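Q: The lines below spell out each chain.
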Amino acid sequence: MSAEEEDMACILRQSAATIEQQSETVTRRRYAQFIETCKARTKRQVLNQQAEMDTYAEAWDKDVADYERAVGAEESGDLHTAAEWYRKAAGNDFADSARKLAEVLEGIARRHLTKPGGRAAACELQLVVEEASKAYIAAFMAGDIDEDELGPRLDQLLNYLHPARASNRPVLTIAASAEPDGEEPEPSEPGPRPESLPAAPAGEASSSGQARHLNPSHDQSSAR
Amino acid sequence: MSEGYQGEGAGRHEREARMSTASFWTFFEKYDTRLRRYMIARTADRVLAEQIADETMMYAYDKWDRLLLMEKPDSWLFTVATNKLNRLEAKYRRANFLREDLENFENDLQAVAKEDSWIEPRIDLILAIRLLPRHQMEVLTLHFFADQKLADIARAMNVTLGTVNQHLSRGLTRLRRDPHLRTAIEVTRRIPA
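As given, the protein sequences belong to chains A and B, one line each in that order.
Sequential numbering from 1 applies to the first sequence in the numbering used here.
Sequential numbering from 1001 applies to the second sequence in the numbering used here.
Be a bit skeptical, because a hint or two may be false.
Keeping only pairs whose Cα atoms sit at most 35 Å apart, straight-line, the calculated DSBU-like set for lysine-lysine is [stated by the list, open to error]:
| no. | chain 1 | residue 1 | chain 2 | residue 2 |
| --- | --- | --- | --- | --- |
| 1 | A | 43 | B | 1030 |
| 2 | A | 134 | B | 1063 |
| 3 | A | 88 | B | 1091 |
| 4 | A | 134 | B | 1072 |
| 5 | B | 1149 | B | 1072 |
| 6 | B | 1114 | A | 134 |
| 7 | A | 62 | B | 1114 |
| 8 | B | 1114 | A | 88 |
| 9 | A | 43 | B | 1072 |
| 10 | A | 88 | A | 39 |
| 11 | A | 134 | B | 1030 |
| 12 | B | 1114 | B | 1149 |
| 13 | A | 39 | B | 1149 |
| 14 | B | 1149 | A | 62 |
Incomplete in silico selection of chain B near chain A, CB under 10 Å [unchecked claim]:
| no. | residue |
| --- | --- |
| 15 | 1051 |
| 16 | 1061 |
| 17 | 1065 |
| 18 | 1069 |
| 19 | 1071 |
| 20 | 1072 |
| 21 | 1080 |
| 22 | 1096 |
| 23 | 1097 |
| 24 | 1107 |
| 25 | 1152 |
| 26 | 1158 |
| 27 | 1163 |
| 28 | 1168 |
Listed next, the stretches of chain A that the computed footprint assigns to chain B, with coverage defined by at least 3 CB atoms under 8 Å from CB atoms of chain B [to be verified]:
| no. | segment |
| --- | --- |
| 29 | 34-48 |
| 30 | 54-62 |
| 31 | 82-93 |
| 32 | 103-110 |
| 33 | 118-127 |
| 34 | 136-149 |
Keep in mind that the hints were calculated from the coordinates and are not lab data.
Computed from a predicted model, the values in this text were never measured in an experiment.
Glycine included, C-beta positions come from ideal geometry on N, C-alpha and C.
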């Protein structure tokens, strides 16, 4: 743990040290109310409440099963089936399924590059890229990927849609902090590119202004 | 919760029931307040937080005989509450029913602080935690506020220990850079180890 992280961990430990503290009177009163509520329930109410809580446990088991099916399909190279199962798990914000969904969809988009193109294929590619972009943003919002990864990944997705763009467009990056008005942001390193596409020419590193709105923590901290 | 049988062997069962009740009180005394404050730190809606904390504790009461056999009943308690909260939040988020903006977070915390003196001096910290990306917030609150081990958190979240460590590290770094927590950090630095 770095010194920076240790500082913060220390503050959290100090706060957590007193988290259980409550006056005995309050705890005893809460307990008496709690037991009274528990005992006042009819047998039917108890069963209904237990069934409701059980459904959450079952739903978690189902998410685990969906996720494992997705991993199995991905390992066997069946990306469409993998996407279907990751999509279900991602709908419940389960584990890192949003990021996995985005990566699988990106794999599907990559396969499109090697296929002969037609109008239907182009439409499908567009839909895949759109969904993959949304899934990457969902993964970013959940904290599964950080701002340094998001920009290059979105940029790479756009390159699948417009291969010619790769040679003459800057790479999209997300600024970690705001620059003062009127100042040009520092140029950033270009992100990874698909193997089949050429890298951006030197000196065409990105401007991050357009992408800054994608950083929720930036918006929130500046709002404060 | 088991209740005493009438007739043959009633004395033994009554004794067991009394012991079971006594041990549940110990569990309640230790975890009720912690669970409620953990839930409040986790969600933007204190009513939802308290409702889930109550329902989970009631579920533990109903399943107490089974929980007594578990190695870590506290782990079970926090996992059940977290799963329910995550699922409900995902549902509300899909329906645009969950307000996850700064203004709502602040108003909600001010209201909780009036009822709970533990929250009041920690509003900035809890606010900063609530503003973290969801999975980073989950790891930080489970580890520090619910006192769960990182390996148990990895199991509960169905991710690897490496991923949990990454969330912990990124979450701590992000909190450390929050301008509203600078004073708290300076004060902590002055406290000798």
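Q: The hint names residue 1152 of chain B as touching chain A; please verify it with the least Cβ-Cβ distance against 10 Å.
A: Given a least distance of 15 Å, the restraint on residue 1152 of chain B is violated.
Q: Does residue 1163 of chain B meet its interface restraint, that is, does its C-beta lie within less than 10 Å of any C-beta in chain A?
A: 7 Å, holds
Q: If you draw a straight line from the CA of residue 1149 of chain B to the CA of residue 1072 of chain B, is it 35 Å or shorter?
A: 11 Å, holds
Q: Keeping to a limit of 35 Å between CA atoms, is the pair of residue 43 of chain A and residue 1072 of chain B held or broken?
A: 28 Å, holds
Q: Residue 1114 of chain B and residue 134 of chain A: Cα distance at most 35 Å?
A: 39 Å, violated
Q: Holds or violated: the hint that residue 1072 of chain B contacts chain A, with Cβ atoms closer than 10 Å.
A: Hint violated; residue 1072 of chain B Cβ to chain A Cβ min 16 Å, cut 10 Å.
Q: Taking 35 Å as the top limit, are the C-alpha atoms of residue 1114 of chain B and residue 1149 of chain B close enough?
A: With Cα atoms ~31 Å apart, residue 1114 of chain B and residue 1149 of chain B stay inside 35 Å; holds.
Q: Three or more residues of the segment 118-127 of chain A near chain B by CB distance under 8 Å?
A: violated (count 0)
Q: Is the listed coverage of the segment 54-62 of chain A by chain B valid when you require three or more residues with a beta carbon under 8 Å from a beta carbon of that chain?
A: The restraint on the segment 54-62 of chain A holds, since 4 of its residues have a Cβ under 8 Å from chain B and three suffice.
Q: Using the nearest Cβ pair, does residue 1097 of chain B come within less than 10 Å of chain A?
A: At 15 Å from the nearest chain A Cβ, residue 1097 of chain B fails the 10 Å test, so the hint is violated.
Q: Against chain A, with CB atoms and a cut of 10 Å, does the hint on residue 1069 of chain B hold up?
A: 17 Å, violated
Q: Sort out whether residue 1030 of chain B lies within 35 Å of residue 43 of chain A, counting only the CA atoms.
A: Roughly 28 Å between the alpha carbons, so the hint for residue 43 of chain A and residue 1030 of chain B holds.
Violated hints, in rising order: 2, 4, 6, 7, 8, 10, 11, 15, 17, 18, 19, 20, 22, 23, 24, 25, 32 and 33; the structure is consistent with all others.
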